[in-house]
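**Q** Protein chains in written order, with our numbering: chain A, 1 to 572; chain B, 1001 to 1424.
None of these hints come from the bench; they were simulated from the model. Do not take every clue at face value.
If you want the footprint, here are the derived chain A segments under chain B, 3+ residues with CB under 8 Å [what the hints assert, rightly or not]: (1) 43-54; (2) 170-183; (3) 295-306; (4) 402-414; (5) 447-459; (6) 525-538.
Listed next, with one range per pair, are the computed distances between beta-carbon atoms [to be verified]: (7) B/G1261 x A/D398: 18 to 24 Å; (8) A/D431 x B/T1038: 19 to 25 Å; (9) A/L4 x B/L1003: 28 to 34 Å; (10) B/K1271 x A/D431: 39 to 45 Å; (11) B/M1217 x A/Y401: 48 to 54 Å; (12) B/I1327 x A/Y401: 39 to 45 Å; (13) A/F433 x B/I1327: 27 to 33 Å; (14) B/V1055 x A/E226: 37 to 43 Å; (15) A/D398 x B/T1324: 34 to 40 Å; (16) A/V8 x B/L1003: 32 to 38 Å; (17) B/I1327 x A/L4: 35 to 41 Å; (18) B/L1003 x A/V333: 21 to 27 Å; (19) B/L1003 x A/H395: 26 to 32 Å; (20) B/E1025 x A/L14: 58 to 64 Å.
Cβ atoms here follow ideal geometry from the backbone N, Cα and C, with glycine treated the same way.
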Amino acid sequence: MLALSKYVLIILSLVLIIRCIRSMLSDRYEPEIWAYLRYGETTYTLTHWETIIGRSLNADVRVVSPGVGRVHAVLRRNDKGRWRVYDIFSKGGVWIKSVKAGPEGLPVENGDVINVGGEKLRFREVTLSKREKLESKRTVAGLGISPAVTLLELTVFQLCLLLQHYFSAEGDTLRAIALAFVALIALEWICYNAMRVINRSGFEIETLAFYLTSIGMSVVASSAPEDMFKQILLTIAAVVLFVLLGWWLRKLDRAMSARFSVAVISVLLMLVNIVFSDALLGARNWLNFAGFSFQPSELVKVGYIYVGASTLDKLFRRRNLYMFILFSTFCVVSLALIGDFGTAFIFFVTFLVISFLRSGSVATVLLAVTGAGLAGFLAVSVRPYIARRFSTWGHVWDDVYGAGFQQSRAMSAAASGGLYGKGAGGGWLKDIFAANTDMVFAMVCEEQGLIIGVIMVLAVLVLAFFAVRTARQGRSAYYSIAACAAMSMLLVQLGMNVFGSLDILPFTGVTFPFVSKGGTSLLSCWMLMAFIKSADNRRDASFAVRSAAQDEPDDGEDEDLSSWEVWQPRKK
Amino acid sequence: MLLIAALVICGMVTYLLRYVDHGKEWALYFSRANSGSTGQLVDRNGITLAYFNGVDNYFSPDRITRAANYHVTGDYWGRTGTGILSRYWNDMQGFSLLTGTTRKEDSLLTLCIDARLNDQIYLSLGEESTGCMLVCNYRTGELLGMVSTPSVDPIDGEGAVRDGAFINRCLSASYTPGSIFKLVTAAAAIENLPNLSQRTWYCEHEVKIAGVPITCMADHYTQTFEQALANSCNVAFAQIAVELGQSTMIQYVTDYGFLSGHSIDGIPTVKGNYPTEFVGDPETGWSGIGQSTDLVCPYSMLRFLCAVANGGTLVEPHILQNDTPAITQLVNPNTADRLGQMMNYNAVEHYHAETMFPGMTVCAKTGTAELGDGTSHSWFVGFLADADHPYAFVTLVERGGFGITAAGSVASEVMQWAVENLDA
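Chain B on its own, in the form it takes in the complex:
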């Protein structure tokens, strides 16, 4: 009997410890509508994305705005874990271990996000598409746009929701990168291969590495390093990756943060993948051109691009205003400059920059990530080298085909809108 009493006491102590540990989390989980707190979530221009008046919870009156910004706001029911409401809702409510839930008046969260930009991205991607786009001011680290499709209209609680709509593809998914990964290989080459400017690579559709063929889309014949990136030549970059060696590649992929999860004001992102077990030269070649088992989270690519665009210095992207971002030297300044020039060369020479990005100094790279089933993810990533419009962007259309056509046109529309409508 004393044993039973002891067990009851142990149980009670367990509960008290857990209460101290998780009390707030538990209390606010269901007390959301019950605490009577009031507050709102606004974008950088003061547009209200979500508000609650102590009785009810609301979102923007505009359906497109609600859906376009859904993955930013999240909802009051925590259906998407990466939304601001999911992450910050508890902080907008009052709680203390002593008094339990309390009323908190007029909490205000101001985001770096531009809701109108998100609307534009959402429309450019198309409601029926599956993809995502991130836009970030690389000088300040402010995350201006973040849209993932398919999306959800949060007030349409009972409506049919497309598969995977609750996933924020910008943060919570990682994809085969394809040719955009050549930017990483190129950065490693700039720092490790001597006499790079004097070297040339010859491409006649295919190269055999240890007897295993790696094919290219075209015959590029003799090309310089710059031309090889602009041609997005698999033959050249597979050879470069092999020459660098797997361990050097792993080091760069790791240093640039592709293999780690990051945090945007406490919202976690997923990590990518790169073959880290010994795989031999042919696989090293394939992984150097973004195939093999390579996986990249769009957000990690954005971080890398922000650093390249900003002379190698990364101002950590963030989503809440009034946040002092961490500053790190992610990329060597010389490497960043050279990579930037090469990306600009790409855009000008190969991507019809003058029509797709009129009046802009655009630096970009496409990616057509073959999935082995005949379809490809379409990537278009880059930045504007423009002090008035310092935007880095990552665009992905799942199974969208060629990088330039699907993702490229989305990026083109969005950047034109941004340059016209955004004040940096």
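Same shape as in the complex, but just chain A:
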């Protein structure tokens, strides 16, 4: 029975990941069409909410003329379907009907002629009825590969895991384990049905996240069954936060306007962390209250992505850039100060990714300088740490009772699982300290086998590739940047976790997304998924994306004077 369940788990994992890959990565590129810009003889189709007009090769609408700057103007549609054009520090200026546009933009109506540095572009909006027609031609997500069937496979997978725990768990812990798994299954089906109710059919991201979460659940059941109840509560909380954040991100203006508040909250969280945290294992990144230990830096990850991403019209403003640089520096420096170098490094790499995605001319220079500065700072402050970790790196077998204690055991356990594993609860690594966090990959390999270990890594890779694909047709740069940055963050984290424990990289003690035990980490991973959901604008795919064919509510509010706008001094 146990032996059979091992193979069933592997087959289900394989089928599940293949279905997700086919569903997520083999869709054709089907952009949404929002408007047209006619320049001379050429008609440009606007497939995003934000369009760069300029001389640059990277511009969406390329206008080659001496009066036009490299990035001259941004044409942007808001949630309500209103279009504005923004002048991005151009020398030639942007006019509509001889009104000059400033950095705060100028409304564009259907049929308007936009004068960009002397060149004339005619704007034509796609009407709602036309959009409905266009939308009906796009493929509905999940049409070919039913998400319900995939989810059903996941359910069987979870039941098999539960079965394995039935054989290995101690009597009184089994109830809690069973309860947690049943609750998890209920949770995912509630999510699925809720999504069907609002007529959405893309559930692959959630399925993969639930897949990883259930492996994480199994890890907790093996290594710390007394925490099962806490784990399921946290999982429910994580999914609720995921839905809330996804919902919040539906409205881009709302999301953008809250960036400053999020930045402030993140800074406060970091400060609280620096002041009040307990030192645990060298890194002071834990806060304890009400029986929950809490890692503020995990939540700041979400805040960092939230603040780091931006719509194009704001992206090129200096103020925005300074803000981002300041915020990044603050995050990396404070993480280094509390000794959490692993997370500091994750932030640093994410910073590089966001910088790359943002890259504009001035921006590139400043970002490069900041990048170099942060790298230098990290290198200096991390030196003693590096010296210690790096001296062990690659030599863990020389000192298996000292510096190489954890990695050598992780590698040994991972290898002793073979391809099929020892069954949930059947390994020995679970009794070693940090097996369910830093060495979780090894623990999964030992209990579930190398195949599932690899599929676990593959699942995160699939999400990452999906983020890259979907970013191309994202409505706003905000969503695209956020999705890519979020996945980069998770990928780096995964790499450091897996390869750190296998002695391919130095051991840093960061978590494996979704799988490592740790409540705050689980919350942040699920919340990061919301960014990917909000970028997933396949037809009817995501609850975090409003339907393209949906009429925008017109409540007559033209000006979006947000806190961000107020904070930002206008340019004379």
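Given chain A, work out where chain B should sit, using these hints.
**A** Same frame as chain A, but now just chain B:
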């Protein structure tokens, strides 16, 4: 971002390749007590030296046996790399890349070693000594005895362990050989110097080679080749080495395997040393009598002696039974015979063979390897020319003084015990 993904994929591939390569090694390193396998390690008479029942690991109940055989068995924690457990433990466990560790029932490793002989060697050497002894059946290649002191009681995990106790001196150390090296020089002389039987060497305490004096323990005056070896005359052998020349000496040292590491059923031994850069005549003289920078691993000397004792044919020593040993012609048969006769002459004329080795036909050579600080390693090496008791032996007592007194008496006790108690 795709770059990060690519790096993650590369890392994963790296791991998978390493897993295929080292998976077994890794898995069994800590899974030893966890695989649930059972098995045991027994000596040639079926005495259990180590066993494990899937839950716990055990050694012999007798403390002396545990310590005497420690360097043979090794331990479950791999503290001495040359032990059988260190080398063969993984083979006594189940592992496959597909299924990971598996249970393996009742694996049995039978050794050529005689645990009682090891006990005797250990007692003869003395627990407080620093030294080692090897005994090998030169006809079959079975390694009967191998003890290194100081030793370790493997179940006394926390007890104080003497410095260097984890080193098996028989295999993992090489020493200044002193006069036992004259056997090698003699073998080279037999094959390369014409009219050897008619020649004599004159010794009056010292000979100057290119102006550098090489001294002897006594005045041996005029002596034949046989007498020179029996006298262990430095004057004679330094001159012989110079006459042979450094390159001829290097060739013989190399051919006899003193400069290579060997393998006893996969357990590696260290290599020795001989000056191979040009050193000039005085150093050639010194190195011909086992001084200079000469180093010999006791095991290499045992191999050489086994070949000499067996008419030049080496049956490769081995420690696991059911092993078909390799057979090589290490020494020219005539050379081996003549060297054997000379060693017997040594024993009879100089080592009180009739009292030290009563009733045995013993062929031996002593060595008193001066270390330059007033102390000497004491060597006693040889074999019994006896079809019923075909044992070759190497005995070494570190800083033990004269070869005949320290190592010689150990060899004497052990060989007497062996002849009485062992059936070849």
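**Q** Checking against the hints above, which ones are violated?
**A** Hints 1, 2, 3, 6, 9, 13, 14, 17 and 20 are the ones this structure does not satisfy, whereas the remaining hints hold.
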